[in-house]
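**Student:** Numbering (the working numbering), first residue to last: 13 to 293.
Mixed in with the good hints there might be a few duds.
Said to hold, decoys possible - Quick list of simulated restraints, FRET-style, between CB atoms:
no. : residue 1 : residue 2 : range
1   : Val70     : Ala153    : 44 to 52 angstroms
2   : Thr186    : Lys155    : 45 to 53 angstroms
3   : Glu150    : Asn46     : 28 to 36 angstroms
4   : Glu14     : Gln293    : 32 to 40 angstroms
Said to hold, decoys possible - With a cut-off of at most 25 angstroms between alpha-carbon atoms, the simulated DSS-like pairs for lysine-lysine come out as follows:
no. : residue 1 : residue 2
5   : Lys155    : Lys174
6   : Lys144    : Lys174
7   : Lys164    : Lys15
Note that these hints are calculated values from the structure, not bench results. Small disclaimer: the values here were computed from a predicted structure and weren't measured. We put the CB at the ideal spot given by N, CA and C, even for glycine.
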Amino acid sequence: MEKQQTLVRSAFFSGIALHSGARCTVRIQPAPENTGIVFRRVDLPGKPEVRALACNVVDVRRGTTIAEGKAVVFTVEHIMSALNAWHVDNCIVEMDGGEPPIADGSSLPYYRMIEEAGIQQQEAEAKTFTPKQPLYVEGGATKIVLIPGQEKLSISCLASFKGCPVDPQFHEFTLSTEGYRDEIAGGRTFVDYGDLKQLLAMGLCKGGSLDAAAIIHDGAIICKEELRFRDEIVRHKILDLIGDIYLAGCRITGTVLAIRPGHPKNVELAGMLLREIAAAQ
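All chains, please: the whole structure from these sequences, using the hints.
**Tutor:** Quick look at the structure:
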């Protein structure tokens, strides 16, 4: 049986948040067995906390936002994705702001900070779950099904965006720490140019730049450096899905088939898993 894991030592990363444009420092601290993933707002009186669970998700527009009481944390999916890839079961994510740094738009900086901190096994058995029956969510163009399986979390994902020079994009991935580093972690966030204008009008993307995102516009992808993968968009979609599904509160196994996934249905699937886990206890 696999054991629960936490970090050997604390790890930190500082930078500019995507939507608020504010500077924030994230410090991931080791935590005891059965703590789970907890976000702590050290900039607020009393240092309020929110557990990274689907039942605490309050917004899924342009990212996954969790909240409990006065503790509100925006766009947690990249951190959650890296934690899932490293099989970190227990940690405290301390933040001195409401939104973590966007960094280069991928989860690679968070993957590397966890790597530098080191992983240590704990005594308690890791909590792993697969549903008894397939789970299915659908909405608009999005369809996601999770087929039970005991071994690994595998994802087959199709992404399609009008105006993208490579469309549609398809990628298959089975979650492993090394595979995640090589195939998924470097996939950067992206935005359609038309949506970007709307976001800027709403006062969002204040910290956005070509250092942190790719822009889809008129049949081209605009970014500061070359694409890291020909199908970078679908890889980022898988990155987000790996982060959102970890809001089920434990390691999930099975096969995910996803067509045009996004945060709303990713989180809905995590919520279904969370309820099934509770019912099975």
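**Student:** Indicate, hint by hint, whether the structure satisfies it.
**Tutor:** Right, here's what the structure says about each hint:
{"no.": "1", "hint": "Val70 x Ala153: 44 to 52 angstroms", "in the structure": "violated (24 angstroms)"}
{"no.": "2", "hint": "Thr186 x Lys155: 45 to 53 angstroms", "in the structure": "violated (21 angstroms)"}
{"no.": "3", "hint": "Glu150 x Asn46: 28 to 36 angstroms", "in the structure": "holds (34 angstroms)"}
{"no.": "4", "hint": "Glu14 x Gln293: 32 to 40 angstroms", "in the structure": "violated (19 angstroms)"}
{"no.": "5", "hint": "Lys155 x Lys174", "in the structure": "holds (18 angstroms)"}
{"no.": "6", "hint": "Lys144 x Lys174", "in the structure": "violated (37 angstroms)"}
{"no.": "7", "hint": "Lys164 x Lys15", "in the structure": "holds (15 angstroms)"}
Against the hints set out earlier in the document, violations occur for numbers 1, 2, 4, 6.
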